[in-house]
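Using the sequences and the accompanying hints, generate a full structural model.
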Amino acid sequence: MKQRVYWVVQAPARGQACVRVGKTSWSLMSYNDTGRRTKRRWKEEEAAQWAIARVQQLWNEWEIQCLVIVSFLLQAFLLFATGFRKRHRSRVLRGLLWLAYLSADSVAVFVLGRLTLQTGDPRHQLTIFWAPFLLLHLGGQETISAFSMEDSALWKRHVLNLLTQSTLAIYVVAKQWRGDRRLLPPMLLIFVCGIGKYAERAWYLRRAGSRAPGSRSIAGHVTGARREFEREVFWYYDKLNCIFVENLQLHFELVLELATRGFQLSLDFLMDVIPAKSLRPETDWNEGLVARIKSSEKRADLVYKLAEVHLSLIYDYLYTKFGGFSGMVLLHCVLLLLRPAMFVLTSIAVSLFVVAQVDQEGTPTHNYYGTDVTISYILLAGAVALEMSSIFMWFKSSYWPYMTISYLKHRDRFRTLRTLLLFTVRLLGRQNIMEWSGMLAQYNMINTCNRENQAGSLEKMARSIGIDRDYTTHVLVSPEVKNVLLDQLLDIATTSGTPQDLDFANFHGQWARNGFDLSSEDEAAGQPRSSGGSAAQDALRISAIQHLDFVSSAILWHFVTEICLLAGDEEVASGISMLRRSSEELSNYIIYLIVKCNVMLGSDGHYVVKVARRDVKLFLGMVVSRREFVQKVRDGDPNVNLKEFPALDRAHRVSSKLFKMNAHDRWRLISLVCVEMICYVAQNCGAGFHAKHLSTGGEFITHVKMLLFIIGLPLRRHTKEQLFPSEEIEERKFLRRSHPWRRG
Numbered sequence: 001m002k003q004r005v006y007w008v009v010q011a012p013a014r015g016q017a018c019v020r021v022g023k024t025s026w027s028l029m030s031y032n033d034t035g036r037r038t039k040r041r042w043k044e045e046e047a048a049q050w051a052i053a054r055v056q057q058l059w060n061e062w063e064i065q066c067l068v069i070v071s072f073l074l075q076a077f078l079l080f081a082t083g084f085r086k087r088h089r090s091r092v093l094r095g096l097l098w099l100a101y102l103s104a105d106s107v108a109v110f111v112l113g114r115l116t117l118q119t120g121d122p123r124h125q126l127t128i129f130w131a132p133f134l135l136l137h138l139g140g141q142e143t144i145s146a147f148s149m150e151d152s153a154l155w156k157r158h159v160l161n162l163l164t165q166s167t168l169a170i171y172v173v174a175k176q177w178r179g180d181r182r183l184l185p186p187m188l189l190i191f192v193c194g195i196g197k198y199a200e201r202a203w204y205l206r207r208a209g210s211r212a213p214g215s216r217s218i219a220g221h222v223t224g225a226r227r228e229f230e231r232e233v234f235w236y237y238d239k240l241n242c243i244f245v246e247n248l249q250l251h252f253e254l255v256l257e258l259a260t261r262g263f264q265l266s267l268d269f270l271m272d273v274i275p276a277k278s279l280r281p282e283t284d285w286n287e288g289l290v291a292r293i294k295s296s297e298k299r300a301d302l303v304y305k306l307a308e309v310h311l312s313l314i315y316d317y318l319y320t321k322f323g324g325f326s327g328m329v330l331l332h333c334v335l336l337l338l339r340p341a342m343f344v345l346t347s348i349a350v351s352l353f354v355v356a357q358v359d360q361e362g363t364p365t366h367n368y369y370g371t372d373v374t375i376s377y378i379l380l381a382g383a384v385a386l387e388m389s390s391i392f393m394w395f396k397s398s399y400w401p402y403m404t405i406s407y408l409k410h411r412d413r414f415r416t417l418r419t420l421l422l423f424t425v426r427l428l429g430r431q432n433i434m435e436w437s438g439m440l441a442q443y444n445m446i447n448t449c450n451r452e453n454q455a456g457s458l459e460k461m462a463r464s465i466g467i468d469r470d471y472t473t474h475v476l477v478s479p480e481v482k483n484v485l486l487d488q489l490l491d492i493a494t495t496s497g498t499p500q501d502l503d504f505a506n507f508h509g510q511w512a513r514n515g516f517d518l519s520s521e522d523e524a525a526g527q528p529r530s531s532g533g534s535a536a537q538d539a540l541r542i543s544a545i546q547h548l549d550f551v552s553s554a555i556l557w558h559f560v561t562e563i564c565l566l567a568g569d570e571e572v573a574s575g576i577s578m579l580r581r582s583s584e585e586l587s588n589y590i591i592y593l594i595v596k597c598n599v600m601l602g603s604d605g606h607y608v609v610k611v612a613r614r615d616v617k618l619f620l621g622m623v624v625s626r627r628e629f630v631q632k633v634r635d636g637d638p639n640v641n642l643k644e645f646p647a648l649d650r651a652h653r654v655s656s657k658l659f660k661m662n663a664h665d666r667w668r669l670i671s672l673v674c675v676e677m678i679c680y681v682a683q684n685c686g687a688g689f690h691a692k693h694l695s696t697g698g699e700f701i702t703h704v705k706m707l708l709f710i711i712g713l714p715l716r717r718h719t720k721e722q723l724f725p726s727e728e729i730e731e732r733k734f735l736r737r738s739h740p741w742r743r744g
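Just so we're aligned: the sequence shown equals residues 1 to 744 in the UniProt record's numbering.
Think of the hints as simulated: they come from the structure by calculation, not from any bench.
This one's a predicted model, so the numbers in the text were calculated from it and none came from an experiment.
Built from N, CA and C at the ideal position, the CB exists for glycine as well.
Check each hint, because a few of them may be wrong.
Said to hold, decoys possible - Quick list of simulated restraints, FRET-style, between CB atoms: (1) R541 with E228: 40 to 48 angstroms; (2) K660 with G95: 47 to 55 angstroms; (3) G95 with R463: 21 to 29 angstroms; (4) A455 with D649: 36 to 44 angstroms; (5) L337 with D180: 30 to 38 angstroms.
Written as structure tokens, this is what we have:
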């Protein structure tokens, strides 16, 4: 028998509907609640739409005002924050500066275009007055003309922007301006400042771009450098000799005079424009200089500070508007007067604007919006403040005032000006300020591979899609590293017998061979060789340092250094901790340059690094800790066939020879190899690498390259014979001047 189901719908209570099925009942939504909720939702949507419409209305009315303030704030940020980037390696700072540098131009151009659509509201006429200020903002700040060297190559684009944006600003004012005619003079003054400042920026970009690697102007610079090369070299090293002869130790003003007068020579050397030829053998351009440097107690302080000042001047030349024109006195003085002229013009514009705003009784002459008047005062006062701050920062954060002082040194007419500049510079002295980050990056391949092996699944998954964790650390460049590097360079300069010993074109371990009397000439002379020298010869022979490519040699000696560091406990007490520490830090730094910066890393180098990392990871998988790994490589493991790991096997054989030497000789040999590697990289990594890292806190190898220049090692190198010597080129130029009809 089928069971029937009855559906009963009871009369709802007041305002309530109910459905009952069997013994279960469900209450339907209250009709009154539904109406109230619908009405509330409708009111909320209406309020939201009204709020959006109101915000849109306010934005349309005050959009230009907000963006103009943003443009001014970006300029202030760039002026005061950019100076930190040459002394700090912070990625956050670089990211903020990059964003501000790009946004500053975009905002100014957008607002200038937006002004062309401005309605004819007479109360908003002051917005047209802001057009020349946007040109002033497009001109940028003195502390940054280019964010990177690539920006300098875009100087033609900035010239085009100068023409188009200046025309647009003039069009905006001519079409829209209906305000007080007394505001035209201050507007004209700001126009002059804006166009002049934007043209100045394009000029500085062009000047820096002409020095960029690959520039078409390089050929002209090389020709000019050849012409003045020998005369400038004689003057520079004669002045440096005088500083050490007089035993003035760290006389800061003489160091600054030497750096500023020798700026062109140091710039040519850093950018690889120095002529590829040696000085005449009979010249004594640096006679006794190396010996005098070695005899000075404060040699490291003086030489490294001189390198810092050189690089600070080059940074200003490439990335700021502070850099002057070495050798172009007239142009340098014109640009020197440009900043105070800008300050005077903007100050006059402020005064004229104040006069135009009120009548004789002190009441406003026009019914402008109070907000627009306030913003106008902010822009005018801000322009004056930025110009004043740029002059202050020219003295405070740049060494270029010394260039001006040097120009005025023998000109009696400007004695008062020179005295005033010298007093200001001394008052805001920079003697104790470090001009770069002073950090030495450390990348240990064994530590990195060990930590990657121990990484969790999430980190391994991220690595599989190309997101690698950076295990690089940074340490301050220690006095030990500076002293060891400088002392060994001075030893090499005094003991190198032939120019071939200073050949930087190839890395072949010649400095280590010379340091332990391993040259073939010594063997032919029958000189006795010590046991330490014999062990060093065997170690260098096994390492194949004369035949391996540079990347392979660097990785091999990195492993050797790690193995020798195991004996550190007993060596610290024996007085060789300075050599040990400097060798460790330099070895880690070389691997950082190769692996993380891709320096000297061609296609073969990438393969060598990949295979070396693979072998280290495989070997680490067979041991418990990093220390056990190094011990097994040093002592050998009967359970592991080291020949399956070529780099580790050769490191084992080299270190076994090194342990036959006393600790001092062992670390002296390793440090010599590291120093030669550092100098080789500094000389061959390319001018682009050095120029790029000047704006990111600096790299130690850039200072090493300046160190080589100061000591004069690259100028004594052996070069091949040239088809057209410099003397022949000069003779041809003389013949063309004397006989214009002659060709060839």
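Going down the list of hints, with the structure as the test:
Checked against the given bound of 40 to 48 angstroms, the beta carbons of R541 and E228, roughly 45 angstroms apart, stay inside it. Remark: the range hint 47 to 55 angstroms for K660 to G95 is upheld by a beta-carbon distance near 52 angstroms. Taking 21 to 29 angstroms as the suggested C-beta distance range, the pair G95 and R463 conforms, at roughly 23 angstroms. A455 and D649 have their C-beta atoms about 27 angstroms apart, which leaves the hinted 36 to 44 angstroms range violated.
Between L337 and D180 the CB atoms are about 32 angstroms apart, so this pair conforms to the stated range of 30 to 38 angstroms.
Of the hints listed earlier, the one the structure fails to meet is number 4.
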